[in-house]
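Here the protein sequences come in this chain order: W, C, S, H, F and X.
Mapped onto my numbering, the consecutive letters of the first sequence carry residue numbers -11 to 153.
Mapped onto my numbering, the consecutive letters of the second sequence carry residue numbers -11 to 153.
Mapped onto my numbering, the consecutive letters of the third sequence carry residue numbers -11 to 153.
Mapped onto my numbering, the consecutive letters of the fourth sequence carry residue numbers -11 to 153.
Mapped onto my numbering, the consecutive letters of the fifth sequence carry residue numbers -11 to 153.
Mapped onto my numbering, the consecutive letters of the sixth sequence carry residue numbers -11 to 153.
The set of hints was computed from the structure by calculation and includes no laboratory data.
Computed from a predicted model, the values in this text were never measured in an experiment.
Watch out, some of these pointers could steer you wrong.
Note that the list lumps identical chains together, so a pair holds whenever it fits in one copy or between two copies.
Simulated crosslink set (SDA-like; lysine to any residue; CA at most 20 Å straight-line) [said to hold, decoys possible]:
#1 LYS14 with ASN1
#2 LYS102 with ASP89
#3 LYS102 with PRO73
#4 LYS145 with ASP130
#5 LYS145 with PRO88
#6 LYS14 with HIS149
#7 LYS102 with HIS129
#8 LYS14 with ALA3
#9 LYS145 with THR15
#10 LYS102 with VAL85
#11 LYS14 with ALA126
#12 LYS145 with SER128
#13 LYS14 with LYS102
#14 LYS102 with GLY12
#15 LYS14 with ALA35
#16 LYS14 with THR100
#17 LYS14 with GLN38
#18 LYS14 with GLY75
#19 LYS14 with VAL28
#20 LYS14 with THR82
#21 LYS102 with ALA126
#22 LYS145 with LEU87
#23 LYS102 with THR(-2)
#24 LYS102 with ASP78
#25 LYS102 with ARG18
#26 LYS14 with ARG26
#27 LYS102 with GLN38
#28 LYS102 with PHE148
Number of protein chains: 6
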Amino acid sequence: MSDYDSPKLTHLNAAGQPTMVDVGEKTATRRVARARSRVVLGAEILALVQHGDLPTRKGPVFQTAILAGIMGAKRTSELIPLCHPLGLDDCQVTITVALPDAVIIECMASVTGKTGVEMEALTGASVAALTIYDMCKALSHDILIQETRLISKTGGKRDFHHADA
Amino acid sequence: MSDYDSPKLTHLNAAGQPTMVDVGEKTATRRVARARSRVVLGAEILALVQHGDLPTRKGPVFQTAILAGIMGAKRTSELIPLCHPLGLDDCQVTITVALPDAVIIECMASVTGKTGVEMEALTGASVAALTIYDMCKALSHDILIQETRLISKTGGKRDFHHADA
Amino acid sequence: MSDYDSPKLTHLNAAGQPTMVDVGEKTATRRVARARSRVVLGAEILALVQHGDLPTRKGPVFQTAILAGIMGAKRTSELIPLCHPLGLDDCQVTITVALPDAVIIECMASVTGKTGVEMEALTGASVAALTIYDMCKALSHDILIQETRLISKTGGKRDFHHADA
Amino acid sequence: MSDYDSPKLTHLNAAGQPTMVDVGEKTATRRVARARSRVVLGAEILALVQHGDLPTRKGPVFQTAILAGIMGAKRTSELIPLCHPLGLDDCQVTITVALPDAVIIECMASVTGKTGVEMEALTGASVAALTIYDMCKALSHDILIQETRLISKTGGKRDFHHADA
Amino acid sequence: MSDYDSPKLTHLNAAGQPTMVDVGEKTATRRVARARSRVVLGAEILALVQHGDLPTRKGPVFQTAILAGIMGAKRTSELIPLCHPLGLDDCQVTITVALPDAVIIECMASVTGKTGVEMEALTGASVAALTIYDMCKALSHDILIQETRLISKTGGKRDFHHADA
Amino acid sequence: MSDYDSPKLTHLNAAGQPTMVDVGEKTATRRVARARSRVVLGAEILALVQHGDLPTRKGPVFQTAILAGIMGAKRTSELIPLCHPLGLDDCQVTITVALPDAVIIECMASVTGKTGVEMEALTGASVAALTIYDMCKALSHDILIQETRLISKTGGKRDFHHADA
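If we strip away everything but chain W, and leave its shape as in the complex, we get (with noise of 0.2 Å):
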């Protein structure tokens, strides 16, 4: 029942064996989590997609990774097999440039719920990552998605808040 404090891994029964969490006795609370992921393109890449996508910022790699990365997060029960199916309140996912050859993805979750929304967050920061390498590929096999990870996490028993958020 715990979310972090005991040292065992909740998904595996006392026999080992792969199990979802029981969730049926918790509260629903409004629960918002905060997924990051930086994909490291090359200042030449960078530049393309930026004069494409910058100033307006409505250019259609951004946008494309972002409507990828909402879309991914709706099916992220369906992605990581022991996620509870569950709706979404809201998800936003931003992009930012990270000069000299970086986007920072930013990726917000939240539900009114009995469990969290970390996958979701983390879900969709990846698809929108991936989404990015897919439309860039082309130019370089280079790019690299480094450093996925969770910023920010409120409404369960703990919150939790990374030093960059």
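Fit chains C, S, H, F and X to the supplied structure of chain W, relying on the hints for placement.
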């Protein structure tokens, strides 16, 4: 028609709108791609996972992630907006321990087709990484999906092998 | 937060990027929406379809379309990028003959939730219309999905009833 | 509105057309259902599977089937045309050996909702059974999914417990 | 085996039950289909959408609809019960303004395969139209999806070109 | 590479981990598989279903199950973790009454491909059986899905015909 040698974004058309790449005139060849993702769990969690998973390497965290990765690779074209729907001849996910604190996921995808399977390999590795995250997240919020990248690619216009391959 | 009385596109944020609408603060109410689609088959095809389908109304063209419409409505949030994932309390699709040459599909969707189900009703009607098209397309390429629209909507901020409802 | 005591097919409307059941007026209660499926593998295949899977019960055939069953249960409403889309509070799949020649799969599904989860439990058991079949089919074409049935159901209008439960 | 010149419903078998069409004996050819859908937004909404979208044509309403249309086309066989699962060589969605009050969506799908891609083109156009509806629906309930139809089809038994093509 | 004559589990690799089977070197041939499932409804429910469904065999229970079975067969590779994603040339589901108390579902799947379609046929039969269960479950909790098995298989390394085929 070129895969990666002209400095343009193939997923944008002349009007700057997102677009698929027409592969109708391409020849079907045997395509293989390998991608790698590194997940930093920390030494304590790694020990727990190893305890359950090694030396037999049959344990549930790794196996759950392997299956999720394979199933994720099969759904790449649903997740990445401009990817072609493809069959797969094969998909293999392997996970190895990188002491003291990480695991390395490698995903190989292959197909006899008109377009490459880099995105399938990268998506498989990413979904496996997210699944490991999910199964260990009750133990820490500081798990990091550190680096996801293409390792090799053969069968298209030009082969690619990353220095680490 | 308003549903439709301010002249702005709620699915774009201040930066002009696509965004979901946060429904976290909304109250769950019983929402019902009805949509209608008209498919012009031509009198000859309609006679064939009727021959199989009427007067029993159990025939396979209509039933296939009814089931496809219901199943399509359930998948609305996978198809429409910024739709919230929602359960449904009910979904009904009915098809009636509009002599001399058309059929009328009506799809009703309802949910007790924080956001409306217009898109579910419209998606259900559209998928049913496409299914009728598919089942009759061997007979003509001139089938027309003539008009798909919302007929009524209740349970949100303001009710709506189209003149034809 | 009744669940099972009147002799009519609730999934057909007055016109004999397929229809969902409106659950809008129902109260959300804690619903639990258990289903069981028996797969006859033959003694030789069972020995092979056991060799890999027992006594640790961590082996890949069983675990793959467990995960497939849980993931299948989550997708029930996509597969069964008139099922309501539901979240799940929990889903557990267990597999035990029934000497000399079979395995028994049990799938438990639970939700706090307006409608039961029998179909989720039955779908989870069936997909797990199909997965065992798939993993063993290279060894024999005579594998039999012998009997899939509901074992118990609580939380709806009337509880049910099969004699074997 | 004929595509459209005999007056019978190919998706019903001799017993009147729904059925797929066997394409096993057909030859794979390059198939292209184009479909069109018109969405009547009204002049005021069109101005708002244009303001964001034109003259750059990179704006988010159109781009979101383009991506949704392409992704929808890829999922046609999941939505339309008797459609064959197909890959796609290409899928292009374009949206143009039809003054004073409407937008025109055109979806082209192509494949080298044994069966046509009319349904993919029509589904792509329909999902794009529904997405425009969704993004503008906060402004009006009188948006109309009008005249979804096939424009051309080549590569099958007989080519088709609508008068407007 | 062999399909079924060596006593090993092809879906486990040398390390005992789950794995797909590489079909890259296989030749595409016409593959056909048939599977059968028996659903014991009891004589009373069968009479009700027959009343609606026979003698026309166009009734909604059977048709709903037929469509669900075909749609389920198309999604086999999403449900069964290690199945290859495949197109299908054809899929037929038929349902017949087995007096006094049961129905027999038969699902045929075919493809021109590198691997067999047994799992598609078995999945189609199983989803059709579950759908019949769903549509009749309001009448009894004692419905039984009995004996799902492969009936025949041709086009691979070795043909198979069950004694009952």
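message: Please sort LYS145 with THR15 into within, between, both or neither, judging by C-alpha distance up to 20 Å.
response: Intra 11 Å, inter 24 Å, cutoff 20 Å: intra-copy only.
field: Intra/inter-copy verdict for LYS102 and ASP89 if alpha-carbon distance must be at most 20 Å
entry: neither (40 Å within a copy, 31 Å between copies)
- prompt: Between LYS102 and HIS129, at a C-alpha cutoff of 20 Å, which is it: within one copy, between copies, both, or neither?
  reply: between (41 Å within a copy, 19 Å between copies)
- prompt: Between copies, within a copy, both or neither: which fits LYS14 and ALA126 at Cα up to 20 Å?
  reply: between (47 Å within a copy, 16 Å between copies)
message: I want to check one pair: LYS102 and ALA126. Are their C-alpha atoms no more than 20 Å apart within a copy, between two copies, both, or neither?
response: between (43 Å within a copy, 15 Å between copies)
message: At most 20 Å between CA atoms: does that hold for LYS102 and ASP78 within a copy, between copies, both, or neither?
response: Classified as both: same-chain Cα gap 16 Å, cross-chain 11 Å, threshold 20 Å.
field: Same-copy or cross-copy closeness of LYS102 to VAL85 [CA-CA at most 20 Å]
entry: neither (35 Å within a copy, 33 Å between copies)
task: First find the shortest C-alpha distance between LYS14 and THR82 inside one copy, then the shortest across copies, and answer within, between, both or neither for a cut-off of 20 Å.
output: neither (31 Å within a copy, 24 Å between copies)
query: Within a copy, between copies, both or neither: where do LYS14 and GLY75 come within 20 Å Cα-Cα?
result: both (16 Å within a copy, 14 Å between copies)
message: My question is about LYS102 and THR(-2): at a cut-off of 20 Å on alpha-carbon distance, are they close within one copy, between copies, both, or neither?
response: Answer is within; shortest intra-copy Cα gap is 16 Å, inter-copy 28 Å.
message: At most 20 Å between CA atoms: does that hold for LYS145 and PRO88 within a copy, between copies, both, or neither?
response: Neither: 39 Å inside a chain and 30 Å across chains, both beyond 20 Å.
message: Treating 20 Å as the Cα threshold, decide for LYS102 and PRO73: within, between, both or neither.
response: Intra 11 Å, inter 16 Å, cutoff 20 Å: intra and inter.
Checked against the numbered hints given earlier, this structure breaks hints 2, 5, 6, 8, 10, 15, 17, 19, 20, 22, 26 and 27; the rest are met.
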